[in-house]
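Student: Residues per chain are reported as follows:
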Amino acid sequence: MAQEKIESPLPGKILSVKVKAGDKVAEGDELFSIEAMKMENPIICPVAGTVGDISAAVGQSVKSGDILAVIEY
Amino acid sequence: MATTKELIEQYIENRKKIVEMDPKAIEKRHAAGQLTARERVEYFFDPGTTTEIGLFVKHRTRNFGMDKKVIPSEGVITAYGKVNGRHVVAISEDYTAMAGTFGEYHGKKFVRAIDFAKANGWPIVGMNDSGGARLQEGMDTLEAYGWLFRSQILASGIVPQIAMLMGPCLGGQAYHPIMQDFLIQCKKTGFMGIAGPAFVKTQTGEEITLEELSSWRAHAVKSGQTHVVAEDDKDAIDRCKALLDFLPSNNKEKPPRLSTKDDPDRAIPELNTVIPDKATQAYDMYKVIRLVVDDGYFYELMKDYARNSIIGFARLGGRTIGIVSNNTQWAGGVIDINAADKMSRFIRFCDLFNIPLISLTDCPAYLIGSQQDWGGILRHGAKLLYAWADATVPLISVIMRKSYAGAHYGMLDKSIGADLVFAWPTARITIVGAETAASVIFAKEIKDAADPKATREKRIQEYADLYENPYHSAERGYTDEIIMPSDTRKMLNRALDILENKDRDIINSKIEYIKKHDRKYSNINL
Chain Y
620 MAQEKIESPL
630 PGKILSVKVK
640 AGDKVAEGDE
650 LFSIEAMKME
660 NPIICPVAGT
670 VGDISAAVGQ
680 SVKSGDILAV
690 IEY
Chain D
3 MATTKELIEQ
13 YIENRKKIVE
23 MDPKAIEKRH
33 AAGQLTARER
43 VEYFFDPGTT
53 TEIGLFVKHR
63 TRNFGMDKKV
73 IPSEGVITAY
83 GKVNGRHVVA
93 ISEDYTAMAG
103 TFGEYHGKKF
113 VRAIDFAKAN
123 GWPIVGMNDS
133 GGARLQEGMD
143 TLEAYGWLFR
153 SQILASGIVP
163 QIAMLMGPCL
173 GGQAYHPIMQ
183 DFLIQCKKTG
193 FMGIAGPAFV
203 KTQTGEEITL
213 EELSSWRAHA
223 VKSGQTHVVA
233 EDDKDAIDRC
243 KALLDFLPSN
253 NKEKPPRLST
263 KDDPDRAIPE
273 LNTVIPDKAT
283 QAYDMYKVIR
293 LVVDDGYFYE
303 LMKDYARNSI
313 IGFARLGGRT
323 IGIVSNNTQW
333 AGGVIDINAA
343 DKMSRFIRFC
353 DLFNIPLISL
363 TDCPAYLIGS
373 QQDWGGILRH
383 GAKLLYAWAD
393 ATVPLISVIM
403 RKSYAGAHYG
413 MLDKSIGADL
423 VFAWPTARIT
433 IVGAETAASV
443 IFAKEIKDAA
453 DPKATREKRI
463 QEYADLYENP
473 YHSAERGYTD
483 EIIMPSDTRK
493 MLNRALDILE
503 NKDRDIINSK
513 IEYIKKHDRK
523 YSNINL
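Protein sequence lines correspond, in order, to chains Y and D.
Read in order, the letters of the first sequence are residues 620 to 692 in my numbering.
Read in order, the letters of the second sequence are residues 3 to 528 in my numbering.
Calculated from the structure, these hints are not laboratory results.
Watch out, some of these pointers could steer you wrong.
Claimed, not checked - With a straight-line Cα cutoff of 30 Å, these simulated DSS-like cross-link-like pairs (lysine-lysine) come out: (1) D:Lys190 x Y:Lys624; (2) Y:Lys624 x D:Lys224; (3) D:Lys203 x Y:Lys624.
The shape of chain Y in the complex, shown without the other chains (with noise of 0.2 Å):
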């Protein structure tokens, strides 16, 4: 089982958290919306695989390479 670290690439807030630990993702959705430099950014899932630990909360400020989940592939 391979792990994949999903980081904020940029510094914001966490607009919004798109899964839960356990569901079943496919490459190209969507995890978290984080808000920052006056845009609503998707991060958007790399791999498809099961949503691990998630380290990110609604609100929360993030910084550039925070970890805010690990999808297990």
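The hints should help you fit chain D onto chain Y, whose structure is shown.
Tutor: Positioned in the frame of chain Y, the structure of chain D alone reads:
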């Protein structure tokens, strides 16, 4: 005295000894999914056009039993031939010949091939597969690296240079592919780095696998040094040939113009609905690019690195163009340090090789914050400004939505050097977003108001109506024309038609400028 017949027979025999490989060694490579060095060259060139040079070159080292060591072709094959009808020089390292190690005469073959390519005005393509420096040769090896680096640097900007990482390339030798224009890395077999895992461990204590340290993931995703990822040798060569098709043979030529059945005036109604109503919402920029260019064919470079930015080649009306754009689905399409680096070097490559540039802009800003400031976003961001201002090729900007503040120049506008600027009716071209502007200009008024929220919203709307649109810029002529999104392809093709001979005029005036001011080059922030 040998007879002519004997000399000819001897020659055939000598040649055979060098070229013929042990069938077991060939089998071993094929089993690993790799071609031999000569098979790569043969697959690369059009059938029947390969001409090898330097086949008989031989090292002269005596120490450490090297006097008895036979290294066919010095572990590197140098050849010229044609790729889709045009001449190219190839340099292919042979891992089966003393692990393709790099020594004095191995290096001399590289230099000879590069100088030969430069003199003829032909692109250079390298196929890297080497165990590294041949330490038995001491200083002779070390100096040979320097000859290689210097000769490829002196050829940079004169002929295109493409590296294919098909095997290992670890140590100082990796500066060779890195300094070429484009780097294609094979997924399972291509490894590159300043040092391999064993050396890293003894020198720093860090334990890391070769796969993690030096593979395509390390460079196409993390370091941003690999432009294209390939499945295997043949895939890498196919991708290399497709890339060469976009390029001129040298800096004095224009790229070949292909014939296309795709109507240059083709209307694209889908573009009229692509921009979401909500300014904070993302959309698919790749779809826009594919709709605009000839036959939907976009050759993307560095797609897994700084994904907020998009660079690559395509054609319009059969002409090669370089596209620079923003991916609103990744960090809002913002320009950060990595995106600035990625776009700037691409712009400069296109300028060196007479390829018109088109920017498709939807960019909120340069990214701000401590991480970016301390990482030097200002000096990295400045590379984009230098690249645009120094460029001599046709420069056309299409502002689709956001073009704010520094990103307005960073993504190419008239003040930094664009020849033509088009804007969609959905464009927001202004110094800063209305919200920020209103809260600065009317700070006191909002604070003192009976209903601060209502006052703030009123002032934001006022600023947006006045400035956050394409008209403010078009009224001053900073934007040449506001166009229907569906006309984008037509307008770009017509712009390229009128700018066809721009580079010649500009280059002449640039040469005058350089002579007048006695300038060597601009001092770009590196």
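Student: Quick check: which numbered hints come out false for this structure?
Tutor: When the structure is compared with the hints, none of them turns out to be violated.
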